[in-house]
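Start from the sequences and build out the full structure, keeping to the hints where you can.
Chains as they are written, first to last, in our numbering: chain L, 1 to 476; chain G, 1 to 476; chain Z, 1 to 476.
Wrong hints could be hidden among the right ones.
Copies of the same chain look alike in the list, so a pair counts if it works inside one copy or between any two.
Dumping the calculated DSS-like pairs for lysine-lysine here, alpha-carbon to alpha-carbon at most 30 Å [what the hints assert, rightly or not]: (1) K327 - K438; (2) K289 - K327; (3) K448 - K438; (4) K64 - K448; (5) K448 - K389; (6) K417 - K327; (7) K448 - K113; (8) K448 - K205; (9) K389 - K113; (10) K295 - K438; (11) K205 - K289.
Derived from the structure by calculation, the hints contain no laboratory data.
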Amino acid sequence: MRKLMNKKSSNMIALAPNTSNKRETVCIFGTGDFGRALGHKMIQSGYPVVYGSRSTQISNLIPKGAEVMGHAEAAQKAAIIIIAIQRQHYNFLTPLAEVLRGKVLVDISNNLKLNQYPESNAEHLAQLLPGSKVVKAFNTVSAWALQSGTLDASRQVFVCGDDVEAKQMVMNIVRALGLTPLDKGSLLAAQEIENYPLQLFPMWKFPIFLSLGLTAFFFFYCVALDIIYTYIYENNNFSFFIAITIPNRVCPVMALILLALVYLPGIFAAIIQLYRGTKYRRFPDWLDKWMLCRKQLGLIALAFASLHVVFTLVTPLRAFVSWRTSKRIISQVLNNKTEPLDHTNAWLSDSYLALGILGFFLFVLLGITSLPSVSNNVNWREFRFVQSKLGYLSLILCTAHTLVYGGKWFLSPSAYKWYLPDIYILSLIIPCAVLVVKFLLIFPCVDKPLTQIRQGWERNPKYSEQSNYIINKSAV
Amino acid sequence: MRKLMNKKSSNMIALAPNTSNKRETVCIFGTGDFGRALGHKMIQSGYPVVYGSRSTQISNLIPKGAEVMGHAEAAQKAAIIIIAIQRQHYNFLTPLAEVLRGKVLVDISNNLKLNQYPESNAEHLAQLLPGSKVVKAFNTVSAWALQSGTLDASRQVFVCGDDVEAKQMVMNIVRALGLTPLDKGSLLAAQEIENYPLQLFPMWKFPIFLSLGLTAFFFFYCVALDIIYTYIYENNNFSFFIAITIPNRVCPVMALILLALVYLPGIFAAIIQLYRGTKYRRFPDWLDKWMLCRKQLGLIALAFASLHVVFTLVTPLRAFVSWRTSKRIISQVLNNKTEPLDHTNAWLSDSYLALGILGFFLFVLLGITSLPSVSNNVNWREFRFVQSKLGYLSLILCTAHTLVYGGKWFLSPSAYKWYLPDIYILSLIIPCAVLVVKFLLIFPCVDKPLTQIRQGWERNPKYSEQSNYIINKSAV
Amino acid sequence: MRKLMNKKSSNMIALAPNTSNKRETVCIFGTGDFGRALGHKMIQSGYPVVYGSRSTQISNLIPKGAEVMGHAEAAQKAAIIIIAIQRQHYNFLTPLAEVLRGKVLVDISNNLKLNQYPESNAEHLAQLLPGSKVVKAFNTVSAWALQSGTLDASRQVFVCGDDVEAKQMVMNIVRALGLTPLDKGSLLAAQEIENYPLQLFPMWKFPIFLSLGLTAFFFFYCVALDIIYTYIYENNNFSFFIAITIPNRVCPVMALILLALVYLPGIFAAIIQLYRGTKYRRFPDWLDKWMLCRKQLGLIALAFASLHVVFTLVTPLRAFVSWRTSKRIISQVLNNKTEPLDHTNAWLSDSYLALGILGFFLFVLLGITSLPSVSNNVNWREFRFVQSKLGYLSLILCTAHTLVYGGKWFLSPSAYKWYLPDIYILSLIIPCAVLVVKFLLIFPCVDKPLTQIRQGWERNPKYSEQSNYIINKSAV
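What follows is the structure in C-alpha cells.
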C-alpha cells in the first residue's frame, strides 16, 4: 500500500519535468548517502531518477519523486547509470553485463588511500563491463555540499572517459546541476581524478615542515640569547619579548632564508648542467623535488615577510617602546642637553627602511603573479621576467635591507653573546651565497655555454651516447 | 543611387575576407543599437554581415560593409541568424518559419526584470519556431563595451542550446570576436543566463544591509558614550574622535561580530541535526539563506578587520596622540620622577597586539583562499581544512585579542558610562557563545552521533517515514 | 647494429603502453630541442613516438623509447604528425603531400618577431598542404619547462584549427600531458597565438614609461626644493630625505595623478560624443589607446598608493622623526610650558588620515575586482558599478585627502620656494579638473542627451550620412 502510493506520488511529481521533454531519466545504482544526495539534487534539477537497489523496501530515505526497483529493471529505464556503490562490490555488476551493454556508466567512487589499487576504480569497472561506456565523474563533490548547496569550493567536476559522446552526456548533467565540468581526457586520467580529493596540500607538506622546524630553532635560539642571557648576566626580565620582539626577529630571518632557498635550486641546476655539459640527463631526485616546491617556499617566505612588516609597524604602539622613548627623552632633559641630529644614523635608518619597503613591494608583486588567475594570463616570457628578474631584485633588496640593518653591529663584540652570532647574521649566509654564485653565473664566459646547453647543445655527446649504449645493452 | 553605391562599396570591402573563404555570412535581424554594435564587431573580425530589416532605408547607421535587405531575403543568405529584436516582437517571425527552418537562431535578448516571463525568451523563440535551432548567447555583453573594445569584465559569453552543432557554430563566432564562450548546457539554462546581467551582487545584499545597520548602531552608541557623555560630564570636546577614534572602535567590533556570524549558522545546523536525529530534512529557510551568504559575511568582516589594522597603525601619526604623549612625558619630567617599566602592562600590550596580528594573518589567508581562482585549485578536503580549522583558529585568536585588550577594564565601574557597557564588551557576546557551543560540539559524546547523522544514519527513521507519509497523502 | 638494438629496446619499452591499447602513435618531424622535449614528455605519458628525420644517425639525443626513421616512413605510422621544424624549411614537406593527405599536422612553430610574416606559420603550412588538417598548438609551452616539469605559468595550450575532430585529437594529447587546452577557434587565430609568446606586457609599456617619466620629474623637482634649496638658503643638509621623505612625497602624487588619468579619457569621450552628437564615429587614435590601458594605469596608481601607505606608516620608526619629536618635547619642557590641545589641528590631522584610509580602502577593492578570476565572476552591471561608482568615490576621497593635507599651506608664501609650487599642489590639477567636469556631466541637462547618444540616438544623422557618402565615393 505504502509503496503504491509512493509510486503514484512520485509519478505525479515526475510529470512536471516530463512535459517539457527535456531531461532524460537517470538511473542510480545504490542507495547510500552519496547516491541519495546526488538523486535529490538531480530531481531538483528536473531529472526523473530511478534507483536500482537489492531491496526495494528502504524507500523512506530515498528522495521524494524517485522510484526504486531492481537493478536490471532500473537500468533498462535509463541511458545513464550512476554507479554509487563501492569498488569491492563491482563484481555483482558482471551478471548485468547484457543489460548494461551500450549504456553510460558513471563511476563516482573514491578510495580511502592514494593509489590504493593498481588500476583506478573506473578502469576496473571498464574492464569488468567492456560493453559499457565508463565515465568518471562527481567524485570530487561532497555529499554534504550537494545537499546544503554550499558549493564554494569544488564547483569543478572532473570528467574523463574514452567515449566522447558519453562524456558529453555526463557533462550536460553536471552543468544542469549548477556545477562546472572539466574534461580531463581519456579514462587513463581516472587514477589522478580519484587521488585528487584525498590530497591535503601535498606540495605544501615539505615546505611547511621545513619552515616549522627552522622557525622553532630560531625561536629558541633567540629566547636563549635575548631573554635567558639577559636574565642571567644583566638581571633583566624581558620575558614579554616572546610576544612581539622575538617573533619579529624570527619572521624576517625566515623570510630571507626561504626566499634564498627558492633561488638556490636554480643555481644548483645550472652548476650541474655546466659540469655535465648536457641538459639531457635528469637532475638528482632531491633537486627535482626541491624545484617543484619553489612556489610554495616563496609563498611561505612572503607570509613571514608580511608578518614581519605588521610586527614592525606595530612597534610604536607597544607599552615597552613608549616607556623606552619617555625614558630616553627624560634622561636627556635631566642631563639638560639636546642631542644634535646624527646624520649617519638618519641615513642608515631611512635607507634600511626604504630598502625593506621596496624589497617587500616586489615580493608582494611576485606573490600576486603566482595567483592562478594571474599566472594564466601571462605568457612564459612574462612569467620568467617577473619570477626571475623581479625575484632576484627582491632578494637583493631584502639582503641589502638586512646588511644595512646590521650595519655597525657586525664587528661589535657585544653582538656575540655566548660567542654565538645574532640570528640576522645567520640569516645572511644563504642569500649572500646565492647572490654571489648567481653573479658569477651571469658572467659571459659562464653564461654563454650554459645558454647553449639549455638550447640543446652537448659538450660531450660521446658520454651520453655511451650511457645510452649501456642502457640499451641491459635492455636487450 | 545611394543604395547602389553603398552596395558596391560594401561588396568591395567584403571581398578581402571572402577571398580567404573562412568566415561564413552572418545575418542579423534588427538594426537597433546592439544589432549594429555586434555587426560592426563581426565585420571587423572578417564576417560578411547581412541585416534583415523592415525598411532598407535607414542604412546610414548600419556599419560600413554590411548589406541591408528584407528579412526573408537576408535570412536566405546565412546559416546563422542573430535575432536582435525584442521579445514582444518575436511573433512577426512566425510567418518566416519556412525560411528559418534548420537555421541557427541566436537569441541575444535581455529582460528588464528578473524572471519577467514564465519561460525564458530563448525558450519562447524555440516554441514559436520549432523547426529552427535556437542558441542563447551574447546577452551578457554590453554594446558599449563591444564598440569601445574595453571588455575588461564579461569577456565570458554564456552559450546554451539544445543542438550541439549549432552551439559549436555560435561558439566559434564568439571566439572569433575575441570573447570566451562558456557552454552552459541545454536551452533550459537560458532563464539563468537571461537573469545574469540584471543582478547587482544579489548574494551581497543581505550581508551589506546587515553590516550597514550594525555599523550605524555601534557608531551612534560610541558617539553617545565617547563624545556626548564626555562633553556633558567632563566638559571635554572630543568631537574629532568621529574621524578616527570611533571608526577604529566600530571596525574591530563589526569584524569580530561578523566573523562569529559566519560560524553561527553551522552551530545551529549541528544542533538542529542532533535534535532531529537526521540530516534528511531541510533546514528552516532563514538558516539556508544564512548559510549561503557566509562567504560574503566573512569577506565584509575581513574588510572591517583591514580598516581596523590601518586605523590602528596610523595612531602615532595623529596630532592628538602626539600631544597626549608629550603631555605625559612633560608631566613626568615636571614631577621629576621616572616611572619604571610596568611588566604586566608590557605583557598585556604585547600579547594583545601579537594575538591580533596572528588572527588577522589567518583571516587574510581565509580571504585569499576564497578568491575564485584559488578555491578552484583546492579540493574539498583542503577547502574545509582552511575554512573550518583555520577559520575557527582565527576566531579564537581575534576573540582572545579582544579579551586581553579589555583586560582589567571589565570590572572597573568607570567603563560603564550611563550604566551602558563599552561596545567591545557587546562585541564579545556572539563570538564567545559560538566558541563555547563549538567546544561542546567537539566532545566525543556529541561529535560521534553528529558524524553518524552526517553520514546518512538516522536516529528515528519512523519519524521521517511518518512525515513522508503525510506528504504523500497530501500529494494524492 | 646499434640501430637494430635501439629499435628492439624501444619496442620493448613501447610494449607496456601498447597493451592497454589506449595511446596512438604520434610522429614528430624534426629532432631539434623542442621536438625532443615534446617526444620525451609524450613517451612519459604513454604515447609511442616515432621521429621523422633526414639522417637517422643522431639517435643518441632522441629520448629513449622513440624510433627514428625517414620522414615518409614515420608519417605512415601515425595519424598525428607534429611539425617541429622551422617555417623556412616547410617547403621540403610538399613532396610528402601524398603521404600527409588526411593526416593531422600540428604546427608548433614560433617566430622571432611579432607579425614576422604576412600570414601565420600554420596558415602557410595549410596552404602548402591543402590535403592535411593543420592544427596550431604547443607554441606557448617552453621546452625547458616541459622537461623540468616546472609548468607554473603556461599550463594553458592554445589550440586552433579548421577541423573540429583534428582539434579534438590534439586537445586530448594536450590533456594527457597534464596541460590545459584552450580552444581558440579556427586557424585564423593562429597569427594571434604565434604572437602571444613574443609579448612582454604589451599593454603595460606605455603606462610604465609614462609613470617612470613622471616619477623622475617629480623626484628631481622635490630634490631641488627640499634638499638643494634647504641646503643653499637654510644651510641644512637633509640629503637623507632621498631615502624616505621624498619617495613618500612622490608616491602619493603619482598615485593621485595616475588615478585621475584613469578617468580622464572617459571624460574626453563623453565630451567628444556630446560635441559630435553621435557615438558611431571612431574616437581619435590616442584616445582609443588611452582607454585600453586604463586598467594598467589604475594598477600602477594602486602600487604607488600602497608604497605611500607603507612609507607613511614607517614614519615613527625613523631616527630623524624620533629625534625631531624629542627635540620638540624637550624645548617645551625647557620653556616650561605645556601646550593645550589644538582642536583645529586634531580635526585636520584625523580627518585627512581618515579620508586617505577610506580612499585607499576603496582603491584596493578596485584592484581586487580587476583580478581576472574576480572580474570573470561579476557581470557587466556589477563591474561598471565597482569600477565607475566606487572608482569615482575613491578619486573624490583621495583628492579630499590631499586638499585637507595641504590645508592651510595653500596660501602661505613659505610654501613657494623659488616661486615654484609644492608638488602636492601640482598633483591636484588633473584630479580636480576631472571631478569638476564629471560633476557637470551628471547634470540632467547634459546627462540626458549623452545617455541617448550612447543608446544609439543621433543628433545630426545628415552629418554622418554625408561623411558616409564621401567615404563611399572615394571607394568607388
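Comparing the hints with the structure gives:
1. K327 - K438: Intra 47 Å, inter 46 Å, cutoff 30 Å: neither.
2. K289 - K327: This pair counts as neither: shortest intra-copy Cα distance 53 Å, inter-copy 57 Å.
3. K448 - K438: Answer is within; shortest intra-copy Cα gap is 14 Å, inter-copy 57 Å.
4. K64 - K448: between (72 Å within a copy, 28 Å between copies)
5. K448 - K389: Answer is within; shortest intra-copy Cα gap is 18 Å, inter-copy 51 Å.
6. K417 - K327: within (25 Å within a copy, 34 Å between copies)
7. K448 - K113: between (48 Å within a copy, 22 Å between copies)
8. K448 - K205: between (37 Å within a copy, 29 Å between copies)
9. K389 - K113: between (41 Å within a copy, 22 Å between copies)
10. K295 - K438: Cα proximity of K295 and K438: one copy only (19 Å, versus 35 Å across).
11. K205 - K289: For K205 and K289, the Cα distance is within 30 Å only inside one copy (12 Å; across copies 36 Å).
Of the hints listed earlier, those the structure fails to meet are numbers 1, 2, in rising order.
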